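Student: Knowing the structure of chain A, use the given hints to seat chain B on it.
Listed here are the chains, written in short residue letters.
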Amino acid sequence: MSWTVPVVRASQRVSSVGANFLCLGMALCPRQATRIPLNGTWLFTPVSKMATVKSELIERFTSEKPVHHSKVSIIGTGSVGMACAISILLKGLSDELALVDLDEDKLKGETMDLQHGSPFTKMPNIVCSKDYFVTANSNLVIITAGARQEKGETRLNLVQRNVAIFKLMISSIVQYSPHCKLIIVSNPVDILTYVAWKLSAFPKNRIIGSGCNLDTARFRFLIGQKLGIHSESCHGWILGEHGDSSVPVWSGLNIAGVPLKDLNSDIGTDKDPEQWKNVHKEVIATAYEIIKMKGYTSWAIGLSVADLTESILKNLRRIHPVSTIIKGLYGIDEEVFLSIPCILGENGITNLIKIKLTPEEEAHLKKSAKTLWEIQNKLKL
Amino acid sequence: MSWTVPVVWASQRVSSAGANFLCLGMALCPRQAACMPLMGTWLFTSVSKMATVKSELIECFTSEEPFHHRKVSIIGTGSVGMACAISILLKGLSDELAFVDLDEGKLKGETMDLQHGSPFMKMSNIVCSKDYLVKANPNLVIITAGARQEKGETRFNLVQQNVAIFKLMISSIVQHSPLCKLIIVSNPVDILTYVAWKLSAFPKNRVIGSGCNLDTVRFQFFTGQKLGIHSESCHGWVLGEHGDSSVPVWSGMNIAGVLLKDMNSDIGTDKDPEKWKNVHKEVIASAYEIIKMKNSTSWAIGLSGADLTESILKNLRRKHPVSTIIKGLYGINEEGFLSIPSLERRVLPTL
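The listed protein sequences correspond, in order, to chains A and B.
Mind the numbering: the first sequence is residues 1 to 381 in the UniProt record's numbering, read in order.
Mind the numbering: the second sequence is residues 1 to 351 in the UniProt record's numbering, read in order.
Bear in mind the hints are in silico, worked out from the structure with no lab data behind them.
There's no promise every hint is true.
Said to hold, decoys possible - Derived, one-sided and incomplete: chain A residues facing chain B with beta-carbon distance under 7 Å:
| hint | residue |
| --- | --- |
| 1 | K54 |
| 2 | E56 |
| 3 | K106 |
| 4 | D113 |
| 5 | R218 |
| 6 | R220 |
| 7 | E232 |
| 8 | E274 |
To be verified - Now the in silico label distances, taken between C-beta atoms and shown as ranges:
| hint | chain 1 | residue 1 | chain 2 | residue 2 | range |
| --- | --- | --- | --- | --- | --- |
| 9 | A | K367 | B | F61 | 39 to 49 Å |
| 10 | A | K122 | B | T154 | 28 to 38 Å |
| 11 | B | N157 | A | P203 | 51 to 61 Å |
The structure displayed is predicted, hence computed values, not measured ones.
Here a beta-carbon is modelled for each residue, glycine too, at the ideal position from N, C-alpha and C.
The following block holds chain A by itself, in its conformation from the complex (with noise of 0.2 Å):
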């Protein structure tokens, strides 16, 4: 077993008051049965002592390295980046979380809570660094760094600041984790998703934008409200670009495969006495509302992003609105992503659902279409 790396840190760590929690990745440790992080002061005794009750207690069995199969990295540890991180280790769907960002003392508080709560979930390996190459190997990388939304700011607005973050970002990730998927949080959402597929130069399978996802939980919540069922049994759908331009798709509505529409048939329009239009735009109200509230929105997108990461990593098969390349579909000429149903599966993106648009509906996604690339045509990558 290999102990010079170690103990050479501890050295380096002797002289610091109190313990000093740095995280090593995988990669700087490469030690093989075992291979958690060392930390604090008492690797500096000598090593022939040092392993007393562990080489009494434990026998070596095997040299065998263990494979990761399901990494999940997440690069920034904000409020997004967190809610995703607990939301993935309380579901249980990966075997190792990596976590990146470039203000260290958050990344390394943030990674040691998480460890100590580790017990409750089952899942020790979480390591970070302000260095991507503690993303190496990952199965599924989650981008949620960005400038944050501010109160009252449209996502088209947070643009130019999130590009030049996605140029370092991409290149690192594609360095270390070349076969990875990678999930778009960062808003505006469906412009990102662009700008890392253009980066990346991953095949558009891989590249997925979290997109519509949300929306459509909130629809399916509000919906649920409204008619006293659990959301989970509104089966609507949002589709589009992400935002205040998204299209409900209210031909597709349904409660136990019965259409809405066949209920009433001015469902969505402004002709329609229940109004169900306003359930959309409560759906684009809410994001700036919970903004207002409590200055950022966190859990729904969490919960959303691991709902994605489960049918990746699962390989399940089921179906999402994400955010993907959108060209040739719907009489759309650019190279802009949108959202629409997709079959998520381990290679990403495997198939797209051809579900049959309003022309009302198409030209909405066509103005989306234009509108995006206005901006991405002027963006310098």
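Tutor: For chain B alone, coordinates are given in the frame of chain A:
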């Protein structure tokens, strides 16, 4: 089905620009088959047309009201309260979750944010209110509210601030939920558990301080790190006072029943060449370290709160090192609360 109450609420809100999301507690919205709070401006449309899709789609089958057997209320929607909430929700422990906080904006924002995640979690009801009525008859009340430990501040410095807050809180809780169990998380937890016990006049079994549940888990985690074993397989207890003066019980420390003391008789002492005592020092220091780095601790304590919740709601009869009244034990005559391994009957290790 009674629509009048929700329509009254809507008329008060119809003038507000955009959607106004008030969270209505269940007690205020007595709809029967459906038990969700109603929100949004569409409620102002006339009752008969309002019911169109719903009445055509759904037939009422029973007028029995749902009864929540596992309602949990969380007082305080700060980082600890929310960490408890998400852990409880993702572990599927409760059938209703209620939040109370003085900061109404934060309270509603957090509640809405969680509600929007409902398609991804099979949870039924999340409600909130500044008013303790919303938490009427919970099975369990988790108190996380209180002043936050500042960088470098000890837990004792928080006492006076938190006692004042507790006086208001406990009387309301007892009034609306006289039969609940209380879990106290706010620091200094052992003192505040005593305060909660005194103010509530609850029997001692129903007042539980989160105590050393987290210290013990941290201890097991660091032990696991040292030995290269999962923390769940490392058995060791940290008892007594949560925080700087906690007591690691070295004699009980074992892996697969093998006592570490048998392999290292100096374990935990200053003579110990392996310096296992530092493991305990790390447990104490780590909380301050995390606070220095991210301004608070949340995930671990939230998960620990959910762990206790699980044992209580499912009647698991697991042992946890939680803060309970210790008078009469170990030669202690004071009416103090310290952590010892507890379930319905307390386990008293030899120290």
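Student: Go through the numbered hints given earlier and state which of them the structure violates, listing their numbers in rising order.
Tutor: Violated: none.
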